[in-house]
Structures are given as structure tokens and as C-alpha cells.
Amino acid sequence: AQSVTQPDIHITVSEGASLELRCNYSYGATPYLFWYVQSPGQGLQLLLKYFSGDTLVQGIKGFEAEFKRSQSSFNLRKPSVHWSDAAEYFCAVGARNTGNQFYFGTGTSLTVIP
Amino acid sequence: NAGVTQTPKFRILKIGQSMTLQCTQDMNHNYMYWYRQDPGMGLKLIYYSVGAGITDKGEVPNGYNVSRSTTEDFPLRLELAAPSQTSVYFCASSRKQGVNEKLFFGSGTQLSVL
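Residue numbers (our numbering), protein chains in the order written: chain A, 12 to 125; chain B, 15 to 128.
Next up, chain A with everything else stripped away, as it sits in the complex:
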């Protein structure tokens, strides 16, 4: 069965520090992978997505993610975090063999301290 695991419920980083949010997926074929961000009071917004090709994908707001098939991972990174990055981050996988279904992780809440 398809599933997405985000092992870290909550992460706190200092402004200017680097960030890595973990995402592991379970899917039988090549997955479509996404990272969404949810700022307080807002809907989810797409940060980046991976379908095929280069395993390092660039997104908006300076984020990037790397697809590692051997580890079934799609971790999100940012070299230098800004206070405005404080939000909830969701990893998702698109599962082609179950209709138009997206499976979301439980989310990681990011706090940025000065």
C-alpha cells in the first residue's frame, strides 16, 4: 500500500541555519513526489515536485529536494532558513494505480528562532 512517512513531527532551527526535513515513501512504482507548505491560516502551497530525470529538484523560496530511490526518500533542504519559513511542511506521493489519489504525510512543523 502507498504511504508517506515524515518522521519528525516538530523541528526547531535558528534563523540562518540549514534545514533538512525527512520524507520516506512506500510505493511500488516510480512515484510522483511533492512537498507542500502550509503557513498559518493559509492553504497548502506547492514548493516543488519530482516526476523523473534529475534527482535533485529546485523549488520556490530557495528549497530543494533530493529523490533517493535506494532509500525511498525525498528529503527537503534549505541552506539558510528565514523566519518566514516557519510553517507546516507536507510530503506527498501521487499514486497512479489508485485513481487520482495523493497520499500525504502527517506533516512537520518548523519553528524558526532568532
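Hints were generated in silico from the structure; no laboratory data involved.
A few of these clues could be false.
To be verified - In silico BS3-like cross-links for lysine-lysine, where the CA-CA straight-line distance does not exceed 30 Å:
1) B:LYS110 x A:LYS60
2) B:LYS71 x B:LYS23
3) B:LYS28 x B:LYS71
4) B:LYS58 x A:LYS60
5) A:LYS72 x B:LYS28
6) B:LYS116 x B:LYS58
7) A:LYS72 x B:LYS116
Given the coordinates of chain A, assemble chain B onto it according to the supplied hints.
Below, chain B alone, put in the same frame as chain A:
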């Protein structure tokens, strides 16, 4: 740019009451979705629609009904509210069908059933 608009933002219901969560989008998207987000859980698909007059069940449809009379609107109906329906509800839309498509989300409706 309004995008996807959900109303209300917050609502408290008593057990057994009914209500309709409204969702409208102004992007002329054919595909629309309703998700619920429970604490510590990923988003779960309730219902989706591939166009006016066409709806289908998602992962967790029990206790809900939907209709799609226009391209713009996709309301979600709770007929007999139960405490298990306490959740945050998100409406989303996409330009095309397919699990490689970007989802556009509304800002959510926080519902409590007491």
C-alpha cells in the same frame, strides 16, 4: 487572484446537526477535491470531482455527501454530524486530472463537533 475559497473558516456543530462546507474556485479547473486533516495524520481524500455532474468517493467518504452542479462550486455536506468528523477540511482543485498535477488548496475550515 482568489484561487480556491472556502467558507466558513471555523464552525462548531452539535452532534446530529447538519451543515454544508462551501468551496469555490475561479481558475476554471475541472478537478476538485475535499480532504480532511486530523491531528497527527496526513490529509485524507473524502470525495473528488472530475467535472460538473461527476463525483466519486475517496478514501474516507462515509458521513459526507457532495455535489457538483457547476465548474466553480464543490460543496461538502455533513448530514448528521458526529464527533469523529471534528477535523480541518481542505478543498483543492487542479487544472488536469493526474497524480502529476499541482493541487491548489483553500485555506481550510476548522470544524468541531461537540
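request  = Take a quick look at whether LYS71 (chain B) and LYS23 (chain B) sit within 30 Å of each other, Cα to Cα.
outcome  = holds, 24 Å
query = Does the structure keep LYS28 (chain B) and LYS71 (chain B) at a Cα separation of 30 Å or less?
reply = holds, 25 Å
request  = Measure nothing beyond the straight line between the CA atoms of LYS116 (chain B) and LYS58 (chain B); if it is 30 Å or shorter, mark the hint as holding.
outcome  = holds, 17 Å
query = Does LYS72 (chain A) pair with LYS116 (chain B) here, judged by a C-alpha cut-off of 30 Å?
reply = Answer holds: LYS72 (chain A) to LYS116 (chain B) is near 17 Å, not above 30 Å.
query = Is the straight-line distance between the alpha-carbon of LYS110 (chain B) and that of LYS60 (chain A) 30 Å or less?
reply = holds, 16 Å
message = With the threshold set at 30 Å, check whether the alpha-carbon distance from LYS58 (chain B) to LYS60 (chain A) stays at or below it.
response = Distance of about 19 Å is within 30 Å: holds.
key: 30 Å limit on alpha-carbon distance, applied to hinted pair LYS72 (chain A) and LYS28 (chain B)   = violated, 42 Å
Comparing the model with each numbered hint stated earlier shows that hint 5 is the single one that does not hold.
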